[in-house]
Amino acid sequence: DAGVIQSPRHEVTEMGQEVTLRCKPISGHNSLFWYRQTMMRGLELLIYFNNNVPIDDSGMPEDRFSAKMPNASFSTLKIQPSEPRDSAVYFCASSPGTGSPLHFGNGTRLTVT
Amino acid sequence: GESVGLHLPTLSVQEGDNSIINCAYSNSASDYFIWYKQESGKGPQFIIDIRSNMDKRQGQRVTVLLNKTVKHLSLQIAATQPGDSAVYFCAEKSSGGGNKLTFGTGTQLKVEL
Numbered sequence: 001d002a003g004v005i006q007s008p009r010h011e012v013t014e015m016g017q018e019v020t021l022r023c024k025p026i027s028g029h030n031s032l033f034w035y036r037q038t039m040m041r042g043l044e045l046l047i048y049f050n051n052n053v054p055i056d057d058s059g060m061p062e063d064r065f066s067a068k069m070p071n072a073s074f075s076t077l078k079i080q081p082s083e084p085r086d087s088a089v090y091f092c093a094s095s096p097g098t099g100s101p102l103h104f105g106n107g108t109r110l111t112v113t
Numbered sequence: 001g002e003s004v005g006l007h008l009p010t011l012s013v014q015e016g017d018n019s020i021i022n023c024a025y026s027n028s029a030s031d032y033f034i035w036y037k038q039e040s041g042k043g044p045q046f047i048i049d050i051r052s053n054m055d056k057r058q059g060q061r062v063t064v065l066l067n068k069t070v071k072h073l074s075l076q077i078a079a080t081q082p083g084d085s086a087v088y089f090c091a092e093k094s095s096g097g098g099n100k101l102t103f104g105t106g107t108q109l110k111v112e113l
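Chains A and B, in that order, are what the protein sequence lines are.
If you read the first sequence in our numbering, its first letter stands for residue 1, the second for the next number, and so on.
If you read the second sequence in our numbering, its first letter stands for residue 1, the second for the next number, and so on.
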């Protein structure tokens with residue numbers, strides 16, 4: 001039973017470059033979440049989708065960040081242009097619905113130099 | 001200035017002893033709570049959940065206790081094993097907050113042989 005799949009596992013890029021993180025949620029789950037984890041701030045919710053529609057993007061740091069969910073089996077988180085302070089582990093999670101636990105992928109470790 | 005990371009509280013226990021990890025929450029409107037375990041290099045893994053209409057729930061070797069009066073949640077792990085060493089997070093969902101979870105800062109559990 002495949003869990004949430006994220007790619008790439010590691011990304012190293014230079015400041016100013018565009019970064020795209022990818023996520024495949026668990027089949028049948030209708031909610032998808034993007035979280036960021038840093039030592040400074042812990043786990044922070046960036047944005048979440050219900051049935052492919054963005055519901056709450058209040059955690060997206062600034063306009064450099066954007067997220068899309070073109071269909072039920074794929075989502076992207078894009079940072080353009082990237083900055084060193086964006087360095088973090090980015091997690092995608094999915095859930096079958098309200099009041100159900102989130103299932104996390106193993107994250108993408110992003111390093112911006 | 002110098003950046004300072006989150007200082008995770010650490011709980012050290014002997015193998016075979018019981019562990020109790022505590023979490024305080026502030027939102028009286030939270031109606032669903034989850035405990036997650038995160039091992040190095042992995043995403044948070046679901047352990048156990050509890051809804052606000054309950055005060056105790058048991059799983060395999062784990063028990064979650066909820067005290068709504070003082071807004072306190074605890075995770076008890078029986079007969080702690082080396083494989084239980086990880087960071088443990090509590091998470092809460094507000095009844096008016098859609099499907100999003102807010103995470104605590106985490107507790108590092110170290111099991112000593």
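It is possible that part of the hints are untrue.
Subject to a maximum C-alpha distance of 30 Å in a straight line, what follows is the list of computed DSBU-like cross-link-like pairs (lysine-lysine) [as the list claims (entries may be wrong)]:
#1 B:68 x B:56
#2 B:56 x A:78
#3 B:71 x A:68
#4 B:110 x B:56
#5 B:56 x B:71
#6 B:42 x B:71
#7 A:68 x A:78
#8 A:24 x B:71
#9 B:110 x B:71
Quick list of the computed label-pair ranges, beta carbon to beta carbon [as the list claims (entries may be wrong)]:
#10 A:62 x B:28: 28 to 38 Å
#11 B:53 x A:80: 20 to 30 Å
#12 A:57 x B:105: 20 to 30 Å
Coverage of chain A stretches by chain B, computed from C-beta distances (three or more under 8 Å per stretch; other residues unrestricted) [claimed, not checked]:
#13 44-57
#14 66-72
#15 88-96
Hints were generated in silico from the structure; no laboratory data involved.
Quantities reported herein were computed from a predicted structural model and do not represent experimental measurements.
Ideal placement from N, C-alpha and C gives every residue a C-beta, glycine not left out.
Here is how each hint holds up against the structure:
Distance hint between residue 68 of chain B and residue 56 of chain B is fulfilled; the C-alpha atoms sit about 11 Å from each other, no more than 30 Å. In summary, the hint linking residue 56 of chain B to residue 78 of chain A is not supported, as the alpha carbons are separated by about 41 Å, beyond the 30 Å threshold. For the proposed pair residue 71 of chain B and residue 68 of chain A, the alpha carbon gap of about 36 Å is over 30 Å, so the pair is violated. Straight-line distance between C-alpha atoms of residue 110 of chain B and residue 56 of chain B comes to about 25 Å, which keeps the hinted pair within the 30 Å bound.
Between residue 56 of chain B and residue 71 of chain B, the direct Cα distance comes to roughly 14 Å. Compliance with the 30 Å bound is thereby established for this hinted pair. Of the pairs offered as hints, the one joining residue 42 of chain B and residue 71 of chain B holds, with about 29 Å between alpha carbons and a cut-off of 30 Å not exceeded. Taken as a hint, the residue 68 of chain A and residue 78 of chain A pair is honoured in the structure, with Cα atoms around 8 Å apart against an allowance of 30 Å. With a C-alpha separation of about 35 Å, the suggested pair residue 24 of chain A and residue 71 of chain B falls outside the 30 Å cut-off, and the hint is violated.
Taken as a hint, the residue 110 of chain B and residue 71 of chain B pair is honoured in the structure, with Cα atoms around 26 Å apart against an allowance of 30 Å. Distance hint check for residue 62 of chain A and residue 28 of chain B: the Cβ-Cβ separation is about 32 Å, which falls inside the suggested range of 28 to 38 Å. Checked against the hint of 20 to 30 Å, the pair residue 53 of chain B and residue 80 of chain A fails, with Cβ atoms roughly 45 Å apart. Judged by the Cβ atoms, the range 20 to 30 Å given for residue 57 of chain A and residue 105 of chain B holds: they are separated by roughly 23 Å.
Requiring three or more residues with a Cβ within less than 8 Å of a Cβ of chain B, the coverage given for the stretch 44-57 of chain A holds, as 5 such residues are present. For the stretch 66-72 of chain A, the stated coverage by chain B is not satisfied: 0 residues place a CB nearer than 8 Å to a CB of that chain, which falls below the threshold of 3. Here the stretch 88-96 of chain A counts 3 residues with a CB under 8 Å from a CB of chain B, which clears the bar of 3, and the coverage holds.
Of the numbered hints listed earlier, those contradicted by the structure are 2, 3, 8, 11 and 14.
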